[in-house]
Amino acid sequence: MKTKIKLSIIYLITISLFVVSCDDDVTVENKNELSQDTFFSSLAQIESAANAAYAQLQNGGLYQRFGYVLPDAFSDESESGGDPNFVTPFNFAITPSLEHTTRYWNNCYNGIGACNFVIGNEDTMRSKIVGSDFSEEDVDDAVGQAHFLRGVYFYLLVKRYGGVPLLLETQKTIEPLPRSTADEVYESIVSDFNIASNMLYDKNSTEKGRATSGAALGMLGKVYLHREMYEEAKATFAKIQDYSLLPLEEYNDNFNDSGEFNDESMFEVSFSGESTQSDLWSQTGIGVSEVTFHAQEYTGWGNLKPSNKMVAEFEDNDPRLKSAIIQNGDTFGPQNDQVWPNDTRWFKFSQLYDNNAIVQNGSTNARFLRYADIVLMQAEAEHKLGNDMAAIGYLNQIRERVEMPLYGTPEMDSAGYPVDTSDGVFKAIVHERMIELCAEQHRFDDLIRWNLDAQEITTNNAGESRGYNPDVHRLMPIPQIEIDTNDKITPDDQNPGY
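Here the sequence shown stands for residues 1 to 498, numbered as in the working numbering.
Hint data in this document are derived by calculation from the structure and do not stem from the laboratory.
Quick caveat: nothing in here was measured; it's all calculated off a predicted structure.
Certain hints may be false.
Ranges of calculated distance between the beta carbons of each label pair, as one might list FRET restraints [stated by the list, open to error]:
1) Glu250 to Ser42: 24 to 32 Å
2) Glu403 to Gln241: 23 to 31 Å
3) Asn387 to Ser191: 27 to 35 Å
Note that the Cβ used here is the ideal one computed from N, Cα and C, for glycine as well.
Could you build all of it, start to finish, from the sequences and the hints given here?
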């Protein structure tokens, strides 16, 4: 049975405590501010506040929709199926007023506000421990979750916008904030993940769906890798314990309902497939529905499909192909239903794993961080440090799990992946990440990190230019409403090219 993080009215109150933007001439007092004398007095209240910080990840701007649409559409692993929500980012026709960018921005900052509410009341919680039903460890866990999630939200922001307003406390009155630099934002992210890794429980906690110390270390190492801090990344990844690669016979558990919170999964965005609203298209996205459109967008309707390049990247007999992609003539499910003819679609996270599923109400959790990603990042860190033999060893852990020929063998040499040179090892890393992590929102960021985006993001399946310009499209525009309402951010602060 799926474990869900419950939400409560505290989430709605928390959001009212936070806004980044404001009108120039208005100072607003928060009428709904919670009294420290009346709140954080029980374990239930502490858990409620911590749980509220997760809600924005489930919303339409993030992992209900645009959080996976945007990075997957930007990359070279996907092809647009025709829906405007996908054609626009696929062709890099992003504008400051586009719903995609505005909702993404707002959901991240609403989540940050919920995190700040918990972090800002740490002393209040600790002052009430004596005579209460909660302990120091309970406070550590709640505050650690808030630090982890704040790091996640700022990481999602800085990747897509560059420097952003660095809001680190709940505002008593609504005050505008300027853009901080990307370096300043990353410093805050590193601090949050470091704090979280020391405060959170390990993987053995019975609270499935919550952040763990291992997840915090994994994200910290990822940030170090993206910042080219390879020694720090290597040392951080080495601290991760209690996770492992699933065996081949359980590999698909990484992408279905029944395998959620498995030994390879380090952090998931939970979805139940339940909805309190009859019209899924008009949902406000405040976290109550917990419905994701991934299943129908990618598989049912094919609004975003695998590119020809993506399909061709798989080697012959690689079992990961059928776990990720369905093609004409493939069969699936106990009823052996045949898929649509003359079409290729994503299978990962598909409702086709479950013949009884309601396609619109996707309930499969988004796998935000998998141990396979950690292993591949370890390979990359070792390679960047000049330790190619160690890098090959990590790559071969991924290969061995799916029973494919190992790097350094004649089979892989003849397949075009010799690893007797540093360039060959790097090519193997690029290949293995594309195959193992496809449709998991990594490829676009990988290409930017490797400075390969201009080389690889070129044309669609028909050979038509996608119009990608790395000087512009590595970042999305700051939402127009932020520029219009925040007097600390002017049109001159907009990202180049928008």
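The hints, checked one at a time:
1. Our hint of 24 to 32 Å for glutamate 250 and serine 42 is violated, since their Cβ atoms are close to 40 Å apart.
2. Under the hint 23 to 31 Å, the C-beta atoms of glutamate 403 and glutamine 241, about 26 Å apart, fit the expected range.
3. Separated by about 28 Å at the C-beta atoms, asparagine 387 and serine 191 satisfy the suggested range of 27 to 35 Å.
Going down the numbered hints, you'll see the structure goes against just number 1.
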